[in-house]
Amino acid sequence: MRLLFASLALLTAAPAFGQDAGQTQFVTTCSACHQVTGQGIKGAFPALAGDPFVQGDADAVITTVLNGRGGMPSWKADLTDDQIAAAISYVRAAWGNTAPPVTAAQVAVVRARSAQPVVRSMQAH
Amino acid sequence: MAVSRRTFIEQLAVVGGLSLAVAGMEALGFGFASAQAAPPPLTGKGKGVRVVILGAGLAGMTAAYELTKAGYDCQVIEARSFAGGRCQTARKGFSHTDLIGHTQVCDFDEGLYINHGPWRIPYNHRSTLHYTKLFGVALEPFVNDNDAAYVYFQNGGGPLAGKRLRKGQLAADMRGYAAELMAKAAGKGGLDLPLSPADRDRFIGYLVSQGRLSPKSLAYGPTEGRGFDVYHGAGLDPGPGKLSAPFALADILSSDTWRALEPLGDHEQQLTMLQPVGGMDHLAKGFERHVGKLIRYDTEVQKLTQGAAGVEVFFTDKAGKSGSIQADYCICTIPLSVLQGLDVAVSAPFKAAMAGPAYAPVNKIGLQMKRRFWEEDHAIYGGHIATDIPGIDTISLPSTGWQGQKGVLLGYYAFGADAARISAKSPADRAAFAVAAGQKIFPEYAESFESAFSVSWHLTRYSQGGWAEWSDDARASAYPVLCEPDGRLYLAGEHLSYLGGWQAGAIESAWQQIAKLHARVNAA
Chain A
1 MRLLFASLAL
11 LTAAPAFGQD
21 AGQTQFVTTC
31 SACHQVTGQG
41 IKGAFPALAG
51 DPFVQGDADA
61 VITTVLNGRG
71 GMPSWKADLT
81 DDQIAAAISY
91 VRAAWGNTAP
101 PVTAAQVAVV
111 RARSAQPVVR
121 SMQAH
Chain B
126 MAVSRRTFIE
136 QLAVVGGLSL
146 AVAGMEALGF
156 GFASAQAAPP
166 PLTGKGKGVR
176 VVILGAGLAG
186 MTAAYELTKA
196 GYDCQVIEAR
206 SFAGGRCQTA
216 RKGFSHTDLI
226 GHTQVCDFDE
236 GLYINHGPWR
246 IPYNHRSTLH
256 YTKLFGVALE
266 PFVNDNDAAY
276 VYFQNGGGPL
286 AGKRLRKGQL
296 AADMRGYAAE
306 LMAKAAGKGG
316 LDLPLSPADR
326 DRFIGYLVSQ
336 GRLSPKSLAY
346 GPTEGRGFDV
356 YHGAGLDPGP
366 GKLSAPFALA
376 DILSSDTWRA
386 LEPLGDHEQQ
396 LTMLQPVGGM
406 DHLAKGFERH
416 VGKLIRYDTE
426 VQKLTQGAAG
436 VEVFFTDKAG
446 KSGSIQADYC
456 ICTIPLSVLQ
466 GLDVAVSAPF
476 KAAMAGPAYA
486 PVNKIGLQMK
496 RRFWEEDHAI
506 YGGHIATDIP
516 GIDTISLPST
526 GWQGQKGVLL
536 GYYAFGADAA
546 RISAKSPADR
556 AAFAVAAGQK
566 IFPEYAESFE
576 SAFSVSWHLT
586 RYSQGGWAEW
596 SDDARASAYP
606 VLCEPDGRLY
616 LAGEHLSYLG
626 GWQAGAIESA
636 WQQIAKLHAR
646 VNAA
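If you're matching them up, the sequences are chains A and B in order. Position 46, counted from 1, in the first sequence is what my numbering calls 46; the numbers after and before it change by one each time, with no gaps. Adding 125 to a residue's 1-based position in the second sequence gives its number in my numbering.
The set of hints was computed from the structure by calculation and includes no laboratory data. Certain hints may be false.
[What the hints assert, rightly or not] Pair ranges (Cβ atoms, derived):
id : chain 1 : residue 1 : chain 2 : residue 2 : range
1  : B       : 427       : A       : 49        : 23 to 29 Å
2  : A       : 36        : B       : 531       : 33 to 39 Å
3  : B       : 258       : A       : 37        : 48 to 54 Å
4  : A       : 43        : B       : 598       : 26 to 32 Å
5  : A       : 49        : B       : 477       : 25 to 31 Å
6  : B       : 234       : A       : 49        : 40 to 46 Å
7  : A       : 93        : B       : 163       : 44 to 50 Å
8  : B       : 313       : A       : 114       : 43 to 49 Å
9  : B       : 235       : A       : 36        : 36 to 42 Å
10 : B       : 173       : A       : 36        : 49 to 55 Å
11 : B       : 235       : A       : 43        : 44 to 50 Å
12 : A       : 103       : B       : 346       : 50 to 56 Å
13 : B       : 415       : A       : 43        : 31 to 37 Å
14 : A       : 93        : B       : 415       : 54 to 60 Å
[To be verified] Not close to chain A: a few residues of chain B, all C-beta gaps over 12 Å, as computed:
id : residue
15 : 315
16 : 360
17 : 612
18 : 627
19 : 630
Think of the CB as a built atom: it goes at the ideal place given N, C-alpha and C, for glycine as much as any other residue.
Start from the sequences and build out the full structure, keeping to the hints where you can.
And the structure:
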């Protein structure tokens with residue numbers, strides 16, 4: 001029991017992933033599938049490292065994060081424009097990727113023209 | 126009262142209470158059953174027509190069962206070593222390896238289990254209940270609401286934040302305050318009700334009884350219905366006991382706990398629901414008893430081709446050996462999250478539509494407790510603890526095995542970003558997270574914890590998501606495309622229904638597609 005509390009306290013106290021908000025956002029939200037290395041899981045979750053799509057048209061990347069696509073969930077209801085911009089900017093510059101960052105304002109524009117998320121109930125099924 | 130009537134009414138409208146009353150109970154006009162209550166009658170010819178079915182989940186097995194009965198020659202290809210798809214139950218020995226490579230083997234005591242997939246059946250899902258009855262799957266009540274269960278919100282403000290509250294007390298207070306405001310306003314003619322004076326008095330009478338108000342003052346206050354601080358009982362001590370005092374309205378509102386009072390009168394969510402005795406997978410096993418001999422297990426679909434004469438499905442078995450099956454038609458129930466990555470010969474619009482929905486990240490964890498402290502110490506028999514602890518959302522207490530020694534509770538049921546965040550942890554760290562969170566609500570939690578079994582559906586091979594989520598755009602553009610066959614390929618599953626994530630969606634989608642297929646065969 002003591003151990004459990006200790007490990008939780010460590011997790012919340014130490015920002016283990018440095019000060020970079022984008023990296024922290026990526027690790028928190030995206031890394032379960034795309035992995036901290038950006039390599040994804042072959043056959044299931046695409047690699048983001050070296051991927052032309054994530055380094056391409058910013059609006060398309062923002063749209064994908066907002067609405068989801070195939071196995072990827074929609075993050076519209078869960079993340080703010082700032083959080084989405086930070087995560088995408090990180091992905092576009094990490095692991096040797098070389099695309100320019102995106103701004104929260106860009107995210108807001110794309111969000112405004114996409115459908116509103118359904119308000120999620122506390123229990124779904 | 127610090128809250129103005131207008132603010133209060135606006136907040137209530139969010140919960141649904143006032144809008145319900147003022148809108149003349151329109152919301153009660155929900156239909157009472159899923160659209161299809163019985164399988165389509167497949168009369169006519171079907172004999173000898175070969176159908177290859179991809180996936181032995183509920184949709185695939187429904188199709189196999191009904192088509193076989195009609196004389197079709199069905200084969201089912203299933204990637205897993207067992208049937209059921211997402212209809213799974215973890216009990217001792219159940220093994221799960223996720224896409225990251227974490228392997229867990231369930232170590233619950235004999236007789237204990239967690240339904241880490243579907244877990245409750247609404248009375249109006251007559252399609253699901255058609256098969257539980259047909260296959261003799263014993264059902265028992267599922268407690269979907271419990272006034273004794275706690276509400277624990279830590280992120281709101283005021284004196285109730287971070288306190289565990291009994292849901293029934295919160296509900297009594299909110300109902301009482303709302304009824305008081307409406308009754309007083311109605312009494313003064315302030316609600317502009319389109320009612321005769323006699324009906325207005327009846328309406329006030331209803332509010333008095335709903336809110337347990339004083340019939341004279343129309344005020345809400347301590348009532349037996351809300352409960353006691355000292356329980357009433359025998360003799361003089363405790364004698365009449367001592368009624369509990371309501372929480373202040375402003376405190377409830379600022380704590381956000383009122384959000385936990387969302388009405389369960391949802392079409393799919395009722396106060397009491399149903400569950401198979403011993404685990405949801407008994408439904409899958411019921412199907413399997415009838416169609417199991419048609420299923421080729423441990424066989425992964427790699428590719429599908431089709432032409433004017435039929436379809437061919439290429440697969441790899443457990444030993445890595447490749448093979449193929451030819452058939453006249455294919456019913457594919459593979460989730461679109463997975464199907465997208467396979468080599469499937471379909472038209473370009475169909476292929477594009479397959480990327481239409483997103484799939485929900487969903488986490489569940491079963492925690493075995495050596496003592497049923499929630500019953501023994503807190504008098505909570507089933508139901509859900511609602512919380513705003515991120516990544517937890519709901520702690521659910523078992524609806525079965527009451528007053529036994531040990532029990533398995535659901536330690537979290539989380540979706541979206543919170544689910545993704547927690548799923549990045551190792552199984553041991555997920556359990557530690559769940560136990561630490563539960564400890565905030567129950568002091569006996571950590572000391573009672575014995576073992577855990579967690580599943581993240583988005584990280585589950587062959588599922589890659591809890592259920593399909595359709596945006597309005599995708600529902601309008603992609604969904605209708607996928608509901609129609611592409612050549613000789615028919616898709617079926619919860620993702621092709623408006624009952625997404627429910628077993629009834631899978632079953633009714635299969636019913637609809639086999640009816641279309643059968644009509645085509647008979648028109649030929």
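These are the hints, each one checked on the structure:
In this structure the supplied range 23 to 29 Å holds for residue 427 of chain B paired with residue 49 of chain A, their Cβ-Cβ distance being about 26 Å. Checking the proposed 33 to 39 Å range against residue 36 of chain A and residue 531 of chain B shows it holds: the Cβ atoms sit about 37 Å from each other. At about 50 Å, the CB distance of residue 258 of chain B to residue 37 of chain A agrees with the hint of 48 to 54 Å. Between residue 43 of chain A and residue 598 of chain B the CB atoms are about 28 Å apart, so this pair conforms to the stated range of 26 to 32 Å.
Evaluation of the 25 to 31 Å hint for residue 49 of chain A and residue 477 of chain B yields a pass: the beta carbon distance comes to about 26 Å. Under the hint 40 to 46 Å, the C-beta atoms of residue 234 of chain B and residue 49 of chain A, about 44 Å apart, fit the expected range. For residue 93 of chain A and residue 163 of chain B, the hinted distance range of 44 to 50 Å is not satisfied, since their beta carbons lie about 57 Å from each other. Restraint check, residue 313 of chain B to residue 114 of chain A: a C-beta distance of roughly 46 Å satisfies the suggested window 43 to 49 Å.
With their beta carbons about 39 Å apart, residue 235 of chain B and residue 36 of chain A fall inside the hinted range of 36 to 42 Å. The beta-carbon spacing between residue 173 of chain B and residue 36 of chain A, approximately 54 Å, falls within the hinted interval of 49 to 55 Å. Checking the proposed 44 to 50 Å range against residue 235 of chain B and residue 43 of chain A shows it is violated: the Cβ atoms sit about 36 Å from each other. The hint said 50 to 56 Å for the Cβ distance between residue 103 of chain A and residue 346 of chain B, and at roughly 54 Å that hint holds.
Distance hint check for residue 415 of chain B and residue 43 of chain A: the Cβ-Cβ separation is about 32 Å, which falls inside the suggested range of 31 to 37 Å. At about 56 Å, the beta-carbon gap between residue 93 of chain A and residue 415 of chain B stays in the expected band of 54 to 60 Å. Remark: the non-interface label on residue 315 of chain B is consistent with the geometry, its nearest Cβ contact in chain A lying 30 Å away (cut-off 12 Å). The claim that residue 360 of chain B lies off the interface holds: its Cβ sits roughly 41 Å from the closest Cβ of chain A, which is beyond the 12 Å cut-off.
Listed as a non-interface residue, residue 612 of chain B keeps its Cβ farther than 12 Å from every Cβ of chain A; the least gap is roughly 21 Å. Not every Cβ of chain A is farther than 12 Å from the Cβ of residue 627 of chain B; the closest lies at roughly 6 Å, contradicting the non-interface assignment. Listed as outside the interface, residue 630 of chain B is inconsistent with that label: its C-beta sits roughly 10 Å from the nearest C-beta of chain A, within the 12 Å cut-off.
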